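K.L.:
With the hints as constraints, model all of the structure from the sequences given.
Below, each chain spelled out in residue letters.
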Amino acid sequence: MDHTQLEELRKLAEDAIRRAADIDALNQVRVSFLGKKGEITNLMKALRELPPDQKKIFGQKINEVRALIESELQTQLPILHRRMREARIQSETLDVTLPAKKRRFGHMHPNTRALEEVERIFIGMGYEVVEGPEIEYDLYNFEKLNIPKGHPARDEQDTFYINESILLRTQTSSVQARVMEKGKLPIRMICPGRVFRSDEVDATHSPSFHQIEGLVIDRHVSFSDLKGTLDTFAKELFGPETRTKLRPHHFPFTEPSAEVDVSCFKCGGKGCRFCKGEGWIEILGCGMVHPHVLEMCGIDPEKYSGFAFGVGLERIALLKYEIDDMRLLYENDSRFLEQF
Amino acid sequence: MNSSMNWLKEYVPELDCTPEEFSDAMTLSGTKVETCRILNRNLRKIVTGKILSIEPHPDADRLVICQLDIGTGDAVQIVTGAHNMKPGDIVPVVLDGGKVAGGHEGGALPEDGIEIHAGKLRGVPSYGMMCSIEELGADRAFYPEAPESGIYIFPEGTPVGEDAPSLLGLNDALHEYEITSNRVDCYSVLGIAREAAATFRKRFFPPKEDTSEGSGDVHELLKVKVEDPELCPRYTARIVKNLRLAPSPKWMQLRLASAGIRPINNLVDITNYVMLEYGQPMHAYDYDKIRGHEIIVRRAEDGESFQTLDQKDRSLDHTVLTIRDRDGAIGIAGIMGGQNSKIEDSVKTMVLEAACFNGANIRLSARKVGERTDASAFFEKGLDPNLASQAMNRACELVEKLGAGEPVGGMIDIYERRREPSVVHCTASEINALLGTSLSPEEMKAILEREELSTELEGENLTVTAPTFRQDIHRMCDIAEEVARFYGYASIPMSLPSGAAIGGLSTELSIDERCRHSAEALGYSQAYLYSFESPKACDRLLLPEDAPERQQIRIQNPLGEDFSVLRTSSANGMLGSLSTNFKRKNRDIRLYEMANVYLPKSLPLTELPDERMQLTLGAYGDCDFFSLKGDLELILNRLGLKKRFHYDAACPQSFLHPGRRADILYEGRRLGYLGELHPEVLENYGIGERAYLAVLDMKEVYPFVRDEIRYLPLAKFPSVSRDFSMLVPLSVTAGEIEDVLIQRSGKFLEELKLFDIYIGAQVLSGYKSMAYTLTLRAKDHTLTEEEINAVVRKVLDGLNRLGIRLRD
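For the protein sequence lines, the chains are Y and E, in the order given. Sequential numbering of the first sequence, starting at 1, is according to my numbering. Sequential numbering of the second sequence, starting at 1, is according to my numbering.
No lab work stands behind these hints, which were simulated from the structure alone. Check each hint, because a few of them may be wrong.
To be verified - Computed from the model, here is a short list of chain Y residues facing chain E with C-beta under 7 Å: (1) 68; (2) 93; (3) 109; (4) 231; (5) 328.
What the hints assert, rightly or not - No farther apart than 25 Å at their CA atoms in a straight line, the calculated lysine-lysine pairs in the BS3-like style are these: (6) Y/276 <-> E/32; (7) Y/37 <-> Y/61; (8) Y/101 <-> E/585.
Please read all numbers here as calculations on a predicted model, not as lab measurements. Here a beta-carbon is modelled for each residue, glycine too, at the ideal position from N, C-alpha and C.
P.N.:
Written out as structure tokens, the structure reads:
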């Protein structure tokens, strides 16, 4: 063992460190010099053989070389780390225009999408959303709505009957009497639901469809409140530019009654193919609850008044999403549903 | 309901608006105009011309050259292919630069008409065109005198150079209205005219119904007895003698045409005219055919047969009201007369009937007899009985005016309970409160009187008297409506109901909504299915004869067998939609539905059925039993059902694969079921791959829904995992193993997870290999080796009892 030998070992180590291409190679170098069976470790072991005076000198020397190698290794490690990271980045370039991997969401039916919008608007105005039975007594669907047996309005709504007194409700208005009868006033509610009429299936008819009934009963409710409410609703649903127009109409259970048109949200009212040149689109029927209806439900019309309205859900959905055939709503073709 | 502007102007002569203005204003005052057809929209520069000469065309055999006098002094030369005219005829001529409505073939009219320009036909100049009735946009049905093909020829003596459309009644507009059921009076030209007068603030001049006294007395010639005043509140009759059948005058024919009624002869036309004008149908009987000269209004006998004037035999019963003579029926009241009393050309004397019949009864009878006529359509709305005598006198006035016969003096009028005008007392402030307006009593009175509602004021008290034809006016709100209509709905201010309120979904609806949103997050799209189906659906679903699902509610009057019962299960509907998608080659379908099934409490139905909301999942493609099971559990977890679900393979759903179906249970309650569809059912629905179905009965789910969230502290002490690789007898289910693992590991169990399962050759026959990881943790300390070993011992003991061995 002499100085030259140590010096060579040092050079050898420095060389090996410099040549190490990556961290693995560097670790190899560490092991081969500083490991349990490494060169330096071997020299240390060989020290035992030397006389004490040389032991000290060579011991110091070996430790110096060891420290040098150690520090070289430490210097080289981050350099190699950085080099490797850069090489990795370089080698990992993606074609970012390759197709995305998508999980699939389910889609809401357009009816429900429209319904949730309508519900959101009315909930915001303090309306409760409630339900009523789809199979209903004649009493609630007709009698209590001022449509006694033999009334011509019964002919206008082709009714599916189960028997004399039970039918498939033709209108969500049937829920009005049910809610009023409970006697909890004031009332501010909407009731969405399925209704049935004996219409053959075609592009604009379906034997079952959906309505949203609205009912407000309180002291001092007026026709102007009805107008304001529906105007607010229409602006929320179709945009702030929307205007509403009420036309006198007749429903047996409201008086006065009206049909409501909104300015065409395609052309803004100028007249286009969408609104058939009219500039206006009919969306709902409404009116002040008939005092006789209130009386039949045990509410004193001298003290309370109210308004009711009924919107066709499909009508809103077809209009909003420009769907031209009602049959699509019941086919459930995924290519249709996935557009909503 | 239709009306012609010109006809309306007979009663409202000061009406001076365009047809479009008319449509808008009438709609806004409550008489909704559905369509407006302006007859002369595309008629321009069309005058009457007299043919002076007709010469052959030198170069065309089929064409002729005509010279016409159009009243300007100079003759106009027109070349034409028509041959039905001769010199001296007066014809409509469209001049150079003019316009006609359609081609000579008739058919659909072009939007903008057809412009006519001077030009040459085979070298000969032509300065216009002679017109057929079709080219004028009209129809031979209403101009029966027009030739089948060729130029329209005016009667002799028609002046030349006049506006031809005007002479033909084409300078007019037809409005079609939607009349609401409360305004029976508006199913008449007079009713519309009255509304128009009120809308435009013009004076209204109804017909005077003047007839001469007439000679003789009807009461000596005819006896009338009404045996059922309930069904016939009023019956009036007059007799007209010395009848002279002839075509009615052109003006009357044109007005009938405007309502789509073909002219027939003066008698028929007069009754139709009055029906349109007053909304009161009339009927004429041949007096000489009335046996005993006696009319009895009475219900038919059950089983009675009667031939109506269209020569059809009708079978009647005691609910049908008939008009009879001494020997039997001569007409079905309000629906149709009899063959035996019908007016024929030989008629000399007629009985005119104007009656009021019970509307509801006429509607039922018309349905029973199988014939809804123009007359019955009027009666079934419920007419004002006071109309009958007015219409009767108007008809007789027209009979005289047209020289169609001589009315005999007097009118038979059987009218027991006279209808009186209704009187409404209310206050201006009530009306203002209802409408949200601030009108003075005087303003209200002025508005109401425009509508012939005479109004007495006393301070702010209004006493309003409504004529009997206004059957819709009974109380304050009706008066408020009248005020609102003519004050203008648009003039009423806008406000919002006062007071604050809290809105929101009902509990059930909000749970349904959460489920829907979860299903969508899991990739299911929402389907809408019909509530009704065919009873055959039960067979397609292989439901046994005694299956509860076969207890379906039947619709009395369905749209056909396919829509005849209310569904008791959502399976058929969902399978139908999966099938539609499969047939259209849509792949990887996941659908859900949230809707009711209808379970009768007893059949036939005596009370409302149980409507049960169902969440139905249906899928094929990228899914299997266990993915469906996972989706179902996730949806329920989201609702706060976080305990362990149990699955019972003894699930009775016949449409599911017998080895791949289960009921899902929670806390001992059956929430629904899931499974793979039975291969035979898939065949029945034409679905060519495995498909899956799951149903949750929401009514069972609602009680378990938990909304409250309480934070649990995060674990502070480490967990320990132990793997159990086991040889399990094939008959032992994972559920049984998990029961043991859960019971035996007690409170330290944090999670158990199956990480491997293998069935096959590598394993001892009769066994499967399964491996679970058990994760244990204590809340308050680090588990000791002893505690862990105790759990493992207990678990192993339990597994042992199931015949399970640990693998080496």
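K.L.:
Taking the hints in turn, state whether each one holds.
P.N.:
Hint check results:
Against a cut-off of 7 Å between C-beta atoms, the interface hint on residue 68 of chain Y is violated, since the closest Cβ of chain E lies about 44 Å away. The beta carbon of residue 93 of chain Y comes no nearer than 31 Å to any beta carbon in chain E, farther than 7 Å, and the hint placing it at the interface is violated. Taken as an interface hint, residue 109 of chain Y checks out: its beta carbon lies about 4 Å from the nearest beta carbon of chain E, inside 7 Å. With 7 Å as the threshold, the beta carbon of residue 231 of chain Y comes within range of chain E, its nearest partner Cβ sitting at about 6 Å, so the hint holds.
Taking 7 Å as the C-beta cut-off, the interface hint given for residue 328 of chain Y is violated, the closest approach to chain E being about 10 Å. Of the supplied pair hints, the one linking residue 276 of chain Y and residue 32 of chain E holds, its CA atoms being roughly 17 Å apart against a limit of 25 Å. Restraint check for residue 37 of chain Y and residue 61 of chain Y: satisfied, since their Cα atoms lie roughly 19 Å apart, inside the 25 Å limit. With a C-alpha separation of about 22 Å, the suggested pairing of residue 101 of chain Y with residue 585 of chain E holds against the 25 Å cut-off.
Taken one by one, the earlier hints fail for this structure at numbers 1, 2 and 5, listed in ascending order.
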